[in-house]
Structure formats: structure tokens, C-alpha cells
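K.L.:
Listed here are the chains, written in short residue letters.
There are 2 protein chains.
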Amino acid sequence: MKIELVNTGSELMLGRVLNTHQQWLCRRLADLGHVVTRQVAVADSANAIQNAVREALTRAELVITTGGLGPTSDDITRELIAELLCKKLVKNQAVQAHIENFFARRGRPQPAKTDVETFVPEGAEVFLNATGTAPGLAMRVEADGSKQAPPSAIIKPPSPRWLVMLPGPPRELRPMFDEFVMPLIRREFAGEIFICRTLLTTGIGESRVQEMVEADLQPLVRRGLEVGYCARPGAVDVRLVARGPAAERLAGEAEVVVQKKLGESIFGRDDAEMEQVVVALLAQKKKTLALAESCTGGLIASRLTDVPGASEVFLGGVVSYANAAKEKFLGVRSETLAAHGAVSEAVAREMALGARGKFGSDFAIAVTGIAGPAGGTPEKPVGTVFIALASAAGVKVNQFLNGWDRVTFKQVTATQALDWLRQTLSAVVVRSKAE
Amino acid sequence: MKIELVNTGSELMLGRVLNTHQQWLCRRLADLGHVVTRQVAVADSANAIQNAVREALTRAELVITTGGLGPTSDDITRELIAELLCKKLVKNQAVQAHIENFFARRGRPQPAKTDVETFVPEGAEVFLNATGTAPGLAMRVEADGSKQAPPSAIIKPPSPRWLVMLPGPPRELRPMFDEFVMPLIRREFAGEIFICRTLLTTGIGESRVQEMVEADLQPLVRRGLEVGYCARPGAVDVRLVARGPAAERLAGEAEVVVQKKLGESIFGRDDAEMEQVVVALLAQKKKTLALAESCTGGLIASRLTDVPGASEVFLGGVVSYANAAKEKFLGVRSETLAAHGAVSEAVAREMALGARGKFGSDFAIAVTGIAGPAGGTPEKPVGTVFIALASAAGVKVNQFLNGWDRVTFKQVTATQALDWLRQTLSAVVVRSKAE
Numbered sequence: 368m369k370i371e372l373v374n375t376g377s378e379l380m381l382g383r384v385l386n387t388h389q390q391w392l393c394r395r396l397a398d399l400g401h402v403v404t405r406q407v408a409v410a411d412s413a414n415a416i417q418n419a420v421r422e423a424l425t426r427a428e429l430v431i432t433t434g435g436l437g438p439t440s441d442d443i444t445r446e447l448i449a450e451l452l453c454k455k456l457v458k459n460q461a462v463q464a465h466i467e468n469f470f471a472r473r474g475r476p477q478p479a480k481t482d483v484e485t486f487v488p489e490g491a492e493v494f495l496n497a498t499g500t501a502p503g504l505a506m507r508v509e510a511d512g513s514k515q516a517p518p519s520a521i522i523k524p525p526s527p528r529w530l531v532m533l534p535g536p537p538r539e540l541r542p543m544f545d546e547f548v549m550p551l552i553r554r555e556f557a558g559e560i561f562i563c564r565t566l567l568t569t570g571i572g573e574s575r576v577q578e579m580v581e582a583d584l585q586p587l588v589r590r591g592l593e594v595g596y597c598a599r600p601g602a603v604d605v606r607l608v609a610r611g612p613a614a615e616r617l618a619g620e621a622e623v624v625v626q627k628k629l630g631e632s633i634f635g636r637d638d639a640e641m642e643q644v645v646v647a648l649l650a651q652k653k654k655t656l657a658l659a660e661s662c663t664g665g666l667i668a669s670r671l672t673d674v675p676g677a678s679e680v681f682l683g684g685v686v687s688y689a690n691a692a693k694e695k696f697l698g699v700r701s702e703t704l705a706a707h708g709a710v711s712e713a714v715a716r717e718m719a720l721g722a723r724g725k726f727g728s729d730f731a732i733a734v735t736g737i738a739g740p741a742g743g744t745p746e747k748p749v750g751t752v753f754i755a756l757a758s759a760a761g762v763k764v765n766q767f768l769n770g771w772d773r774v775t776f777k778q779v780t781a782t783q784a785l786d787w788l789r790q791t792l793s794a795v796v797v798r799s800k801a802e
Numbered sequence: 368m369k370i371e372l373v374n375t376g377s378e379l380m381l382g383r384v385l386n387t388h389q390q391w392l393c394r395r396l397a398d399l400g401h402v403v404t405r406q407v408a409v410a411d412s413a414n415a416i417q418n419a420v421r422e423a424l425t426r427a428e429l430v431i432t433t434g435g436l437g438p439t440s441d442d443i444t445r446e447l448i449a450e451l452l453c454k455k456l457v458k459n460q461a462v463q464a465h466i467e468n469f470f471a472r473r474g475r476p477q478p479a480k481t482d483v484e485t486f487v488p489e490g491a492e493v494f495l496n497a498t499g500t501a502p503g504l505a506m507r508v509e510a511d512g513s514k515q516a517p518p519s520a521i522i523k524p525p526s527p528r529w530l531v532m533l534p535g536p537p538r539e540l541r542p543m544f545d546e547f548v549m550p551l552i553r554r555e556f557a558g559e560i561f562i563c564r565t566l567l568t569t570g571i572g573e574s575r576v577q578e579m580v581e582a583d584l585q586p587l588v589r590r591g592l593e594v595g596y597c598a599r600p601g602a603v604d605v606r607l608v609a610r611g612p613a614a615e616r617l618a619g620e621a622e623v624v625v626q627k628k629l630g631e632s633i634f635g636r637d638d639a640e641m642e643q644v645v646v647a648l649l650a651q652k653k654k655t656l657a658l659a660e661s662c663t664g665g666l667i668a669s670r671l672t673d674v675p676g677a678s679e680v681f682l683g684g685v686v687s688y689a690n691a692a693k694e695k696f697l698g699v700r701s702e703t704l705a706a707h708g709a710v711s712e713a714v715a716r717e718m719a720l721g722a723r724g725k726f727g728s729d730f731a732i733a734v735t736g737i738a739g740p741a742g743g744t745p746e747k748p749v750g751t752v753f754i755a756l757a758s759a760a761g762v763k764v765n766q767f768l769n770g771w772d773r774v775t776f777k778q779v780t781a782t783q784a785l786d787w788l789r790q791t792l793s794a795v796v797v798r799s800k801a802e
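Read top to bottom, the protein sequences are chains A and B. Residue numbers for the first sequence follow my numbering, beginning at 368 and rising by one. Residue numbers for the second sequence follow my numbering, beginning at 368 and rising by one.
In case anyone wonders, no lab produced these hints; they're calculated from the structure. It cannot be assumed that every hint is accurate.
When chains are identical, the list treats them as one kind, so a pair holds in a single copy or across two.
What the hints assert, rightly or not - With a straight-line Cα cutoff of 30 Å, these simulated BS3-like cross-link-like pairs (lysine-lysine) come out: (1) Lys-654 / Lys-695; (2) Lys-369 / Lys-653; (3) Lys-458 / Lys-695; (4) Lys-369 / Lys-627; (5) Lys-653 / Lys-455; (6) Lys-454 / Lys-653; (7) Lys-695 / Lys-747; (8) Lys-454 / Lys-627; (9) Lys-695 / Lys-763; (10) Lys-627 / Lys-480; (11) Lys-654 / Lys-763; (12) Lys-480 / Lys-628; (13) Lys-455 / Lys-480; (14) Lys-747 / Lys-653; (15) Lys-454 / Lys-747; (16) Lys-653 / Lys-627; (17) Lys-695 / Lys-480.
Everything numeric in this text was worked out from a predicted model, so none of it was measured.
Model the full structure from these sequences, guided by the hints.
P.N.:
Here it is as C-alpha cells:
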């Protein structure tokens, strides 16, 4: 089965907005056993949208469009697709009631602009928008639909197709997909038996990761396993894809091989984020964490608090950007700052000990470094960072050189710090098992 | 002139990775006066890649591919495009020397896998990779190139085209584009006079924003102005596009209209982020800021410290997730916590006053709320948040209800908090001008 996505929006083609729909929809569809074969983005232009949808309908059994259903003047997808499929737009009373109710609950008058959202192509399935006003739409495109079509809009799909239109804002699209589109896909299309397992590694480069696993994976590749590698900031993903009745077994065998070869470097699988792994390990071990962040500026805390339930294990942190804050909140000594500078092993050590003591946590992580672009010296170039980890066993400091732009530097450093804690917590687990 | 992007990578189609190339490349090309007409993503499959590139070359004068140039087994773009254009791959000594040097400088042996990266299609321009190993490539595709092509690989562009291949990792692609591809585009293609100006607003919904400006923009639309609206978490962008010799004037007039109608709701233009605006205003007014974050969990601090130079104005913050941390670090009284709960106007007030006092800053922002998914009550549902702003003038608290998922809640709340400070700082500017 072929599935194509058509993302519409001039803001995409002008680079004003990041297209997050591609990843989100591809992930959801993979969970249903379907791999998207092509994704296309075009501007809010009549020709561009109609051409992209027409071409997609000639190739794919399911086409999903995003965007262009809203109330403003550049929202033209609904009208263009109705024209392409020779369908009239008709007023839908359920949508009208839904939009009236949406504004009534908020105590605001219904903007006149939203009236356009109540018109839908005749025959369309309508998805009421739980978090907004514009409804989503699904239309079955018959194989002989072209007979009624004017020459400018000829669509001759070789077999019936489904065309699904979703609104652009992610917080409208996502619940709507889960509520309405997933059941539609289950109803209309049988998913392939298809397993995609991703092992997430950190601390090793992409070439080296492949070198470490490929010889042992080779027999499984000959049996149909597909292997992919993807480098991200601070991480390399190893992707194992298997299809057909033996998929579960093949993927399972492959995972055992990769686990054996990469061991401790694997921090999680599939959708796991490092911060989720760390929060889960802390919860499992009933341990608490505090942070003292300088160069990461609150990013580690923010990543941890993205995880629901973080408040059970994360007591808090100090973002000690100024030296005075390092002294006042963490008890770093002014002599240490004067003798070694804020970016030093000694200061990292005192920050971690201070955070652990003041928050009363089991573990404390401290980071101090030079995010750049300014502030580097020959001895301590931009990218230099000291990470300290304090626990009941004492405090250790590691030095890294993370030479990227400021934002990537913060991400990579945060991942390193969290991974150190992960490895420490995992070792605790292993030891207590052995005892 | 037509430009198309072809992003390759099975990880994209499986939803394992967010495609950031589209936005970044579209933005850069718009800066050069070119709007990308189509962007396509396909898996690392020979047919999918060759079809996508072949089709793009029939439509566009410039085609840019990303990904598939690396050393691992799923990196196949270079070979497939050489085949499509009937070019042999030949060893390139400059690339060989570059890769040897890359590993020598890191004190690591050159992985055998990287040898494949030293082979380039004959006749290609080679872009040495400043931050990695795989070179970028540019090839001129002649209009009569099809004569030598085997039937399976027919390309009949109506006129000469350029095909540019860039590596997938953003930190390799981005400097390479700036160093090599921008000069190539300037050399080969004249950009249109083209102005895209985006005014960034916050605090008003998308429909309402359009209602407020559209009547006054109508005369300019008749003169060729294109207007677009885009809703993002906590913000709505108003995009003004003008082309041709009168573009600068038309865009300027449109901006005046929007400024007049939306006034204070506009927090910046074009690429500005709220945190950049706030850091710049603090620097301009020589004021300092401290934070006390509960439900945003360090996100406000992290956004501020993404801005180079933030250390000049941002003294630091406390992520006071646990109540004990609110007391110990910020001086929130235990009676206040007991009487009102951690999510309350009274606690927000004491957090802000405590942060301002302890950090000795001019301003302090405090946030306390319920990010969810758990923790809501009928009186204080998930999404409830109190934001306090303390300054020499005292402390004020505002209450909001930001009912989204946890991560969006954090983003919207952070934007609200920063925008309040922005408006306060802007008012200071206005008042001191009036004095």
C-alpha cells in the first residue's frame, strides 16, 4: 500500500515554520503497519496544491493533506480539492453547531471568518475538531471519478483512493488523527506485518557504530532484515526493520545482536528520550536529582520536566549563570572561582556538591562550560565543558569538548550529563542484582 | 525560477527524525530572492530517489538533494544520481586528503567505510566538508544529457539544470551551503527582487488578527501585496510578501498598516524569537533578570540562554520544582504554601520577590502552574498558571489557563511570561522618551 503526504503552506516554502507533520504522521502510520512512500510540501498556490494532490492520487491509495482548512484568506485547500474532485461545498450543520459551541464556551463572539469552515465537500466524512474550529475531511475518490471531471481536473486513479484533509495546527491535527483517521485506516486498509525497532546509542560515532554491528547482522540481512543508521546531536540511532510473518522473530534476533555489541552505549529504544530513561530509572531506584546548570542554562531541567511525573524524582535546579549566583545558591567559594575560573573542574565539583547538599537530593549534576560564540581562550576553547556528578559515593568530574553552535552545544552537553547519570543508575541496578 | 528540494532518508519516512532541512534551506533561499516551489522527501530506496530526482529535474532549474552521502550502507544517493546522469564515480584526491586529515586531527584511524566518500561523479564540483567527511557535490545537467542515457534513466530537461547534493547532518549541510552553494546560486541564477517581511504577534487569535488588519491592507493587496497568517503556539505570524521593483515600498507601507493596527501585540519581526527581543531590550535598558520557575521547569532560562550574550543580563534562576526548594532558595513561607497551595497567586508573588531579592536583579519572573497531565482540580484545572513579575515598582501577578499538552503548555507559558516583561520594558522606553 502506498501513502503520500501533501503538506500545504506558503510559510513552509518560505522557511517561516518547521514542518513537524511529516515526522508525526509518519510515526503514527508506521505504528499502524504502513510506511509513507512520499511526502511533498507546496505553497498555498492553487496550481501547486492541485498538481501535488492530483499526482499523489495517481500513485497512492491514501493521500493525507495538511493545512489550508482554516478561516483566513490563504486557507484554500478545501475549495481546491472540492474543485479537483468536482464536488460542491455544502453547509454542514454539525460543524456549524460545533463552532458556535467552541466560541460560546470561551465567552467570545464567533468571528464571521469562521463561517467558511462550515462548508464541506458533498459526500465527505467530517471530523469535528476537538481543539479548534476547522473540521477535518475524508473523501473516497472513485476510480471512475474522472468521468464527471472537467479537463483541467482529470483524476484517473487506477483503483479507489482515500483523500484525507487535516488542519495545519499540530494541536488540532494530532488528536483528530488519533480519533478519526486511525479508525478509518484500520477500517479501509490492512496493515502489513511490519516491525521497526530503533536502538538509541550515545557516545560513539556513526561509522564506528556500523563497524561494530554489521558483521554480526549480516546473516540476518540475508534473511530480509533492513538496517539503517542515523546520526543526531549526541546520539546515533540503529534502525532494524523486518517485514512479514517472521518479522517479530527477525527483529528480536537483530536486537539481541546489537545489544550484545553496543551494550552500555544503548540508552533506550524507539521513541525513548534520554530524559525519559533517566526519570524512569530514578523512579525505579527511588532516587532524587538536583541540578546546577551554568552553560546549559536550564536545558537539562527543562528536558527532565518535559517528562510527566518528573516532579516525583526531580527536586529542582539552580541556573547559576552569574558567579554571584554560584556562590550564593550553591556555596561555591569565591577563592575557587578566583583561582580556577568559573569554567573549571574545581568549580564544577563545588557546584555539584552544593546542589546535592542544598536540595538534599541523592544525585546532583553540575555543568559549567563555554557555549560560545564568545568567551573561548586557547586553554579553554569554545565548547569546553566540565560535568560533575555528585552522589553518596562522592563527586566525579569529566571534561568534554563539544564544538558546535550554541544550541547544539547545549543539547549535546545535556545528553552527556544525563547519560552519565543513566550509566551510573544502571550500574547501581546491576550491582544490586549481583548482591 | 523553480527550485525543488529532495530530502532522502528512510528515517524521515519512518518518522524517526524531524526534517529540519526544509525550513533551513527555504529560509536561506528566500534570503537570496528565491522561493522553493516544491519539497519532497522519500526513503533510501533506489526507485524512490531516482524517480523523485528525475521528476524534479523536469520541472525545476535547481534541484537540491540532502542525505545519502555518508559512509554507511544506506547512503546511496551519490551512486544513484551518478547512474541517473550516466556519470562514472572517480576517486577524488582532494577529498581523500581531506578525510585523512579529518581523522588525523582527531587522533583516530580513518574508518575503512569512509573510503566510499572519496568517489565522486566525474565532472562534479566538489564541496569539502568543513565539519565532517562526506563532500557535497554540484553537477550541471545539460539539456541534451538524455542522448547518452540508458532508457531506464531518461532525463530530458528542457534547459540546463543544476543538481546540488548535500550531506544529511545539519551541522555539515549548513556551513557547506553557506560556503559553496550560496556563491554557486549567485553565480548561476539571478534572484528576483523579493521581500518577505513577517510581523510576529502574541496574545491574539489568528482570525482576530486577520480581522484587525485586512480592511486596511486591501488597497495594498490590489497593488500586488501577498498576505499570509500562521498560528504557532502562543503566537500568530503576519507575513507580507511583495515582488518586483516596487517591493520595498509596498512591503514598507504594509508594515506601517500592520504596526498601526496591532501595535503592542507585535513582539518582533522576521527571524526574531521572543527571548532574543527580551535579551536585547534588557541590554538596551541595562537591566538584569532572574527567574523562579516551577511548572516551566527551566524552559524560560533555557530559551534566554540560547541567545548569545544572555549572560550580560540574565543572572540566573531557580527551578523550584519541590516545595522545599521554593522555601529554601526563594524564601517562600511555609504558611503561604500551606494556606494557598504551590499553584497560587500568593506563592507566585513570593517566588518573584524572593528571586529578585536573592539574585539582586532589576526584574524577576516567577511561574507556578499545573503542566499536567495529572495534578488538576476543579478549581485549578490542568493548564492553570500564575505568572508574577517583580521590579522596583513592586510585584504583579496574572493568571492564565493554557490548556494544551505538557510541552506546549510550557512553551506558551514561557512566551506569555517573556512577553509581559517585553511589554513592561517597552513601556519603560516609551515613558522615558515622553519625560
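K.L.:
Each hint: holds or not?
P.N.:
So, going through the hints one by one against the coordinates:
{"no.": "1", "hint": "Lys-654 / Lys-695", "result": "both (26 Å within a copy, 20 Å between copies)"}
{"no.": "2", "hint": "Lys-369 / Lys-653", "result": "neither (47 Å within a copy, 58 Å between copies)"}
{"no.": "3", "hint": "Lys-458 / Lys-695", "result": "neither (65 Å within a copy, 60 Å between copies)"}
{"no.": "4", "hint": "Lys-369 / Lys-627", "result": "neither (36 Å within a copy, 49 Å between copies)"}
{"no.": "5", "hint": "Lys-653 / Lys-455", "result": "neither (61 Å within a copy, 60 Å between copies)"}
{"no.": "6", "hint": "Lys-454 / Lys-653", "result": "neither (60 Å within a copy, 61 Å between copies)"}
{"no.": "7", "hint": "Lys-695 / Lys-747", "result": "within (25 Å within a copy, 34 Å between copies)"}
{"no.": "8", "hint": "Lys-454 / Lys-627", "result": "neither (58 Å within a copy, 41 Å between copies)"}
{"no.": "9", "hint": "Lys-695 / Lys-763", "result": "both (22 Å within a copy, 26 Å between copies)"}
{"no.": "10", "hint": "Lys-627 / Lys-480", "result": "between (60 Å within a copy, 22 Å between copies)"}
{"no.": "11", "hint": "Lys-654 / Lys-763", "result": "within (18 Å within a copy, 37 Å between copies)"}
{"no.": "12", "hint": "Lys-480 / Lys-628", "result": "between (59 Å within a copy, 18 Å between copies)"}
{"no.": "13", "hint": "Lys-455 / Lys-480", "result": "within (20 Å within a copy, 58 Å between copies)"}
{"no.": "14", "hint": "Lys-747 / Lys-653", "result": "between (37 Å within a copy, 29 Å between copies)"}
{"no.": "15", "hint": "Lys-454 / Lys-747", "result": "neither (67 Å within a copy, 47 Å between copies)"}
{"no.": "16", "hint": "Lys-653 / Lys-627", "result": "within (28 Å within a copy, 56 Å between copies)"}
{"no.": "17", "hint": "Lys-695 / Lys-480", "result": "neither (55 Å within a copy, 52 Å between copies)"}
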